[in-house]
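Asks: Okay, here's what each chain looks like letter by letter:
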Amino acid sequence: MATEGRLRIKTLVMVCMMVVCANAGDLMLKRAMLQIGAVELSASGLAHAFRMTVTSGTLWVGIFFLCGFMLSYMTVLSWANYSYVMPAGAFGYALLTFFAVVFLHEAVSPRRWVGVVLICVGVLLVGQTKPRTTAVTREALA
Amino acid sequence: MHVTLFLSLLIFGSTGGEIAITRGMKATGEPERLRPKEMLQFLGRALCNGWFWAGVPLMALSFYALLVLLSWEPISFVIPASALSYVVGTLGAKYILGEDVSAARWAGVVLVCVGVALVALG
Numbered sequence: 001m002a003t004e005g006r007l008r009i010k011t012l013v014m015v016c017m018m019v020v021c022a023n024a025g026d027l028m029l030k031r032a033m034l035q036i037g038a039v040e041l042s043a044s045g046l047a048h049a050f051r052m053t054v055t056s057g058t059l060w061v062g063i064f065f066l067c068g069f070m071l072s073y074m075t076v077l078s079w080a081n082y083s084y085v086m087p088a089g090a091f092g093y094a095l096l097t098f099f100a101v102v103f104l105h106e107a108v109s110p111r112r113w114v115g116v117v118l119i120c121v122g123v124l125l126v127g128q129t130k131p132r133t134t135a136v137t138r139e140a141l142a
Numbered sequence: 143m144h145v146t147l148f149l150s151l152l153i154f155g156s157t158g159g160e161i162a163i164t165r166g167m168k169a170t171g172e173p174e175r176l177r178p179k180e181m182l183q184f185l186g187r188a189l190c191n192g193w194f195w196a197g198v199p200l201m202a203l204s205f206y207a208l209l210v211l212l213s214w215e216p217i218s219f220v221i222p223a224s225a226l227s228y229v230v231g232t233l234g235a236k237y238i239l240g241e242d243v244s245a246a247r248w249a250g251v252v253l254v255c256v257g258v259a260l261v262a263l264g
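Protein chains in written order, with this note's numbering: chain E, 1 to 142; chain S, 143 to 264.
If you're looking for bench data, these hints aren't it; they were derived computationally from the structure. Quick caveat, the model's predicted, so the values are computed rather than measured. For every residue, glycine included, the Cβ atom is placed at its ideal position computed from N, Cα and C. Incorrect hints may have been included.
What the hints assert, rightly or not - Which bits of chain S does chain E cover? Going by a derived footprint, with three or more residues having C-beta under 8 angstroms, they are:
1. 152-164
2. 167-173
3. 179-189
4. 239-252
Stated by the list, open to error - From chain S, some residues computed to sit far from chain E (all C-beta separations above 12 angstroms):
5. 144
6. 145
7. 147
8. 176
9. 196
10. 199
11. 206
12. 214
13. 215
14. 216
15. 219
16. 221
17. 227
18. 234
19. 256
20. 263
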């Protein structure tokens, strides 16, 4: 029972890390691309955009967060079910909407709020199921 | 016709890629501790796994399909339609990975799928 509780806690912590890193990474990429400006689809425009992106500190911070997302995603999948992690990760959509309202003072339509409520209820339902329903493989034990 | 084809590539590419990576990570085994040394060893083992590398091109294919779809169709169609991947992914988890998907988990997945579609429609 204690093992199952520990498994649930570490899975939820890792899913939270996934969601935070993915959202922070996306926001940083968006901020970096706003600083760089619209990319022109010509050889010189693409070369200029490439130079600007590789020298953009904000973009590298975004990439750092996206690496953090990939690592936490791989780590949680090493013990938890894919059918548990995948819907739980959708909590990021709800979190982004809250951030948009609280920090950016964006107006959110009733339809989007209904979507946020459905995601939260869905994630709560999935969160109550067992994070792992399969046995640890022999290959992993070797 | 082309939209249906690329939407299928998006959904099945991302789901197939994630299922392959899940299989790779299960074969890798979980890290002993979440500390830098153990995490580096874990990452090294994962990068030597064939399933992991089978998943990467599938995910790249789905990303390319997403970019192509976004150039043809409005985002308010593409993202809600791609939310179907939650259902396809759960079917894959059940029948390919052998996970036990309870009624509560199915209900949660369907709610998340509809919720994501509504959020994307704005």
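Asks: Is the nearest Cβ of chain E still more than 12 angstroms from the Cβ of residue 199(S)?
Replies: holds, 16 angstroms
Asks: Over 12 angstroms to the closest beta carbon of chain E is the bar; see if residue 144(S) clears it.
Replies: Consistent with the label, residue 144(S) stays out of reach of chain E, its closest Cβ about 21 angstroms off (over 12 angstroms).
Asks: Count the residues of the region 179-189 of chain S with a beta-carbon closer than 8 angstroms to any beta-carbon of chain E: does the count reach three?
Replies: holds (count 4)
Asks: Once the closest CB in chain E is found, is it more than 12 angstroms from residue 227(S)?
Replies: Check fails; 8 angstroms does not lie beyond 12 angstroms.
Asks: Taking the closest pair, is the beta carbon of residue 219(S) still more than 12 angstroms from chain E?
Replies: Given a closest Cβ separation of 15 angstroms, the condition holds.
Asks: Does residue 234(S) really sit off the interface, with its C-beta more than 12 angstroms from all C-beta atoms of chain E?
Replies: Non-interface label on residue 234(S) violated, nearest chain E Cβ at 8 angstroms vs cutoff 12 angstroms.
Asks: Using a Cβ cutoff of 8 angstroms, are there at least 3 residues of the region 239-252 of chain S near chain E, or does the coverage claim fail?
Replies: It holds: at least three residues are needed, and the region 239-252 of chain S offers 12 whose Cβ sits within less than 8 angstroms of chain E.
Asks: The output says residue 214(S) does not contact chain E. Does that hold with a beta carbon cutoff of 12 angstroms?
Replies: Holds, because the least Cβ-Cβ distance between residue 214(S) and chain E comes to about 16 angstroms, which exceeds 12 angstroms.
Asks: Could you check that no beta carbon of chain E comes within 12 angstroms of the beta carbon of residue 145(S)?
Replies: holds, 23 angstroms
Asks: Please settle this one: residue 263(S) was flagged as non-interface, so is its CB more than 12 angstroms from every CB on chain E?
Replies: Given a closest Cβ separation of 6 angstroms, the condition is violated.
Asks: For residue 256(S), is the shortest CB-to-CB distance to chain E above 12 angstroms, so the non-interface label stands?
Replies: violated, 6 angstroms
Asks: Any Cβ of chain E at or closer than 12 angstroms to residue 176(S), or is the non-interface label fine?
Replies: violated, 7 angstroms
Hint check: violations occur at hints 8, 16, 17, 18, 19, 20; the rest are consistent with the structure.
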